[in-house]
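Top to bottom, those sequences are chains A and B.
Using this note's numbering, read the first sequence as starting at 203 and increasing by one per residue.
Using this note's numbering, read the second sequence as starting at 14 and increasing by one per residue.
No wet-lab data here; the hints were simulated from the structure.
Remember, it's a predicted structure, so these values are computed and weren't measured experimentally.
Heads up, some of the hints might be wrong.
Taking lysine to aspartate or glutamate pairs in the DMTMM-like style, the calculated list, with each CA pair at most 20 Å apart, reads [as the list claims (entries may be wrong)]:
#1 B/Lys63 / A/Asp498
#2 B/Lys40 / B/Asp78
#3 B/Lys86 / A/Asp498
#4 B/Lys102 / A/Glu404
#5 B/Lys63 / A/Glu404
#6 A/Lys212 / B/Glu111
#7 B/Lys146 / A/Glu404
#8 B/Lys16 / B/Asp39
#9 B/Lys128 / A/Asp208
#10 B/Lys63 / A/Glu406
Listed next, with one range per pair, are the computed distances between beta-carbon atoms [unchecked claim]:
#11 A/Asn221 / B/Asp39: 43 to 53 Å
#12 A/Ala468 / B/Gly121: 43 to 53 Å
#13 B/Thr199 / A/Leu388: 44 to 54 Å
If the Cβ cut is set under 8 Å, some of the chain B residues that face chain A in the computed set are [as the list claims (entries may be wrong)]:
#14 Pro88
#15 Met89
#16 Arg91
#17 Cys96
#18 Lys102
#19 Leu104
Heads up, the beta-carbon is just placed ideally off N, CA and C, and yes, glycines get one too.
The lines below spell out each chain.
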Amino acid sequence: MALRVDYIAKETANNLVRNPSLTIATVLTVAVSLALLGAALVIQRGVDGLNTRFKDDVEFIVWLSPEATEEQRQSVDGALADSPQVRDHRFVNTEETYAEFEEFWKDSPEVLEAVSPEQLPTSYRVVPEIPDLAVVQSLGQEFEGLPGVRNVDYAGEYIKRLNDFTRVASNIMLGAALASAAASALLMYNSIRTALFARRREIEVMRLVGATNTFIRVPFMLEGMVQGVVGAAISTLAVFGLNRVIRNLLDQTSFRLFDSFALDSAQLFPVAMTLLGAGAIIGFVGSGIAVTRYLDA
Amino acid sequence: MIKLENVTKEYPGSTVALRDASADIDKGEFVFLVGPSGSGKSTFLRLLNKQEDPDEGRIFVAGKDIGQLSSWKVPMLRRNIGCVFQDFKLLPNRTVSENVSFALEVIGRPRHVIKNQVPAICDLVGLGDKVDKYPEQLSGGEQQRVSIARAFVNRPLILLADEPTGNLDPQTAIGIMRLLDRINKTGTTVVMATHDRGIVDTMRRRVIELSEANIVRDQARGVYE
Ligand SMILES: Nc1ncnc2c1ncn2[C@@H]1O[C@H](COP(=O)(O)OP(=O)(O)O)[C@@H](O)[C@H]1O
Ligand SMILES: [Mg+2]
Chain A
203 MALRVDYIAK
213 ETANNLVRNP
223 SLTIATVLTV
233 AVSLALLGAA
243 LVIQRGVDGL
253 NTRFKDDVEF
263 IVWLSPEATE
273 EQRQSVDGAL
283 ADSPQVRDHR
293 FVNTEETYAE
303 FEEFWKDSPE
313 VLEAVSPEQL
323 PTSYRVVPEI
333 PDLAVVQSLG
343 QEFEGLPGVR
353 NVDYAGEYIK
363 RLNDFTRVAS
373 NIMLGAALAS
383 AAASALLMYN
393 SIRTALFARR
403 REIEVMRLVG
413 ATNTFIRVPF
423 MLEGMVQGVV
433 GAAISTLAVF
443 GLNRVIRNLL
453 DQTSFRLFDS
463 FALDSAQLFP
473 VAMTLLGAGA
483 IIGFVGSGIA
493 VTRYLDA
Chain B
14 MIKLENVTKE
24 YPGSTVALRD
34 ASADIDKGEF
44 VFLVGPSGSG
54 KSTFLRLLNK
64 QEDPDEGRIF
74 VAGKDIGQLS
84 SWKVPMLRRN
94 IGCVFQDFKL
104 LPNRTVSENV
114 SFALEVIGRP
124 RHVIKNQVPA
134 ICDLVGLGDK
144 VDKYPEQLSG
154 GEQQRVSIAR
164 AFVNRPLILL
174 ADEPTGNLDP
184 QTAIGIMRLL
194 DRINKTGTTV
204 VMATHDRGIV
214 DTMRRRVIEL
224 SEANIVRDQA
234 RGVYE
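Working from the sequences, and respecting the hints, build out all of it.
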């Protein structure tokens, strides 16, 4: 049987404008819950990016003081070589340090101008046997006290803390997003139930003259899905906006560590698709349950 | 065309609305279903287009046992059965012609068919000059004509009318009966529930009388009592 497209389009449009306040409330609820979901996804992708960048970075850095003598340097080298807990260590001279420094501050020529290679300290990059933060810390402390050592940095520590924090934050957001997605499906259910009730006369006549259940159902399901997808589109715009803000902040600070949190369009595309899909599903499920319960009653 | 075999219908709360009812109605017949309020007339009609299902017995429409009909085929059954009600069931936000078109639109009839059929049927029921009016701008008799047009526009085999003159004054009711008679003369089987003694006695058609859920009389060319 031909489902008359013009009829369905007209009915769906009529349903949407029949109760504008409820339609808007439903769309906004979907938008807010999916914006939360989108933010959680962006953060998770950022964390993933951070982890790929620093996956191998369980090393710690033993900085030598600029006044350290060659003798002191050799004894530190020996201590590192002798330690059974150290897998590998590598001396980084001033030129190499300056090259890293240059790379890190490449956007801030004024910093670079103020520093010359000789002013930078030399260091040992140390890869421990056991890449565990607690082990690395106690190991690092052994070297902290050696003469000629200025201090020990645990690169992994900051990453791990940040990692833990963002994981927790994004899981909380994901939980909140799921809860509010459920809430918006419920509101969707009520919105469609209200539409069904407003159209109960039409529906009664449709059933009496022999309209199929599909025919009766489709405009209401479409109404739900339009509300879901429009809400999802709004949330997608919000996520794109958030991403733009993050990028601007990162550009201003010229602090490269968090670069992975500003997604490029290839990374944003699947996020947008996920949100639009989730919006359509919320609309489909909410309206589907409402229509099925109404028509089977 | 319509056959009931020992049909019993009981509503929840053990109200028996129809008990062991049997009847055989031929194609083209005009049948009055009479009896006081609550005697089971509306239930009888609702069983015929599967708005209700019997608890016992079998019902045949156009030779088919409608108890065996799968639920997705029920709409096809209903396309062959027009319905008219005491309260018209018109859609207030649609004009006369929109109300009639609605019945064709929602069963997926193509636009050119609707364009042809709707004005023709509006003429037939005598509302050719009122197609753009809304139900509230019409008298009760005119509203009932719209609902008959809607029930008949798809040329059903059967027309069920549940007290179609119940809300109308006697003069208007006569006009409606003339219209139903004309529709019957086109070969459509008409089953009409009523407790309008005057109409039944004037028309002298087959009468099936219900009393407390039982068929107590089935008489050709009958009167109300
Ligand atoms: N949906 C229903 N639920 C429960 N009882 C009903 C329902 N419809 C009708 N009845 C009962 O069934 C009996 C017959 O009702 P009905 O068929 O409407 O009679 P009539 O049309 O002759 O007035 C009445 O006692 C009525 O109260
Ligand atoms: Mg009744």
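These are the hints, each one checked on the structure:
Restraint check for B/Lys63 and A/Asp498: the C-alpha separation of about 14 Å stays at or below 20 Å, so the hint holds. Only pairs whose Cα atoms come within 20 Å are accepted, and B/Lys40 paired with B/Asp78 is accepted, the gap being roughly 16 Å. Simply put, B/Lys86 and A/Asp498 have alpha-carbon atoms about 15 Å apart, close enough for the 20 Å limit, and the pair holds. Distance restraint check for B/Lys102 and A/Glu404: the Cα-Cα separation of roughly 9 Å lies within the 20 Å cut-off, and the hinted pair is therefore satisfied.
Proximity of B/Lys63 to A/Glu404 is assessed by CA-CA distance (about 19 Å); at most 20 Å being required, the pair is judged to hold. For the suggested pair A/Lys212 and B/Glu111, the alpha carbons sit about 14 Å apart, so the restraint of at most 20 Å is met. Simply put, B/Lys146 and A/Glu404 have alpha-carbon atoms about 18 Å apart, close enough for the 20 Å limit, and the pair holds. This hinted pair checks out: B/Lys16 and B/Asp39 have alpha carbons roughly 9 Å apart, not beyond 20 Å.
Restraint check for B/Lys128 and A/Asp208: the C-alpha separation of about 15 Å stays at or below 20 Å, so the hint holds. Restraint check for B/Lys63 and A/Glu406: the C-alpha separation of about 14 Å stays at or below 20 Å, so the hint holds. Judged by the Cβ atoms, the range 43 to 53 Å given for A/Asn221 and B/Asp39 holds: they are separated by roughly 49 Å. In this structure, A/Ala468 and B/Gly121 meet the distance hint of 43 to 53 Å, their C-beta atoms being roughly 44 Å apart.
Hint check: B/Thr199 to A/Leu388, Cβ distance near 51 Å, so the stated range 44 to 54 Å holds. Nearest Cβ of chain A to the Cβ of B/Pro88: about 4 Å, under the 8 Å cut. The hint holds. Because the closest C-beta pair between B/Met89 and chain A is about 7 Å apart, less than 8 Å, the hint holds. Checking B/Arg91 against chain A: minimum C-beta separation of about 4 Å stays under 8 Å; hint holds.
A least Cβ separation of about 5 Å between B/Cys96 and chain A falls short of the 8 Å threshold, and the interface hint therefore holds. Interface hint status for B/Lys102: upheld, as the beta-carbon distance to the closest one in chain A is roughly 6 Å, under 8 Å. At a threshold of 8 Å, the smallest CB-CB gap from B/Leu104 to chain A is about 6 Å, leaving the interface hint in force.
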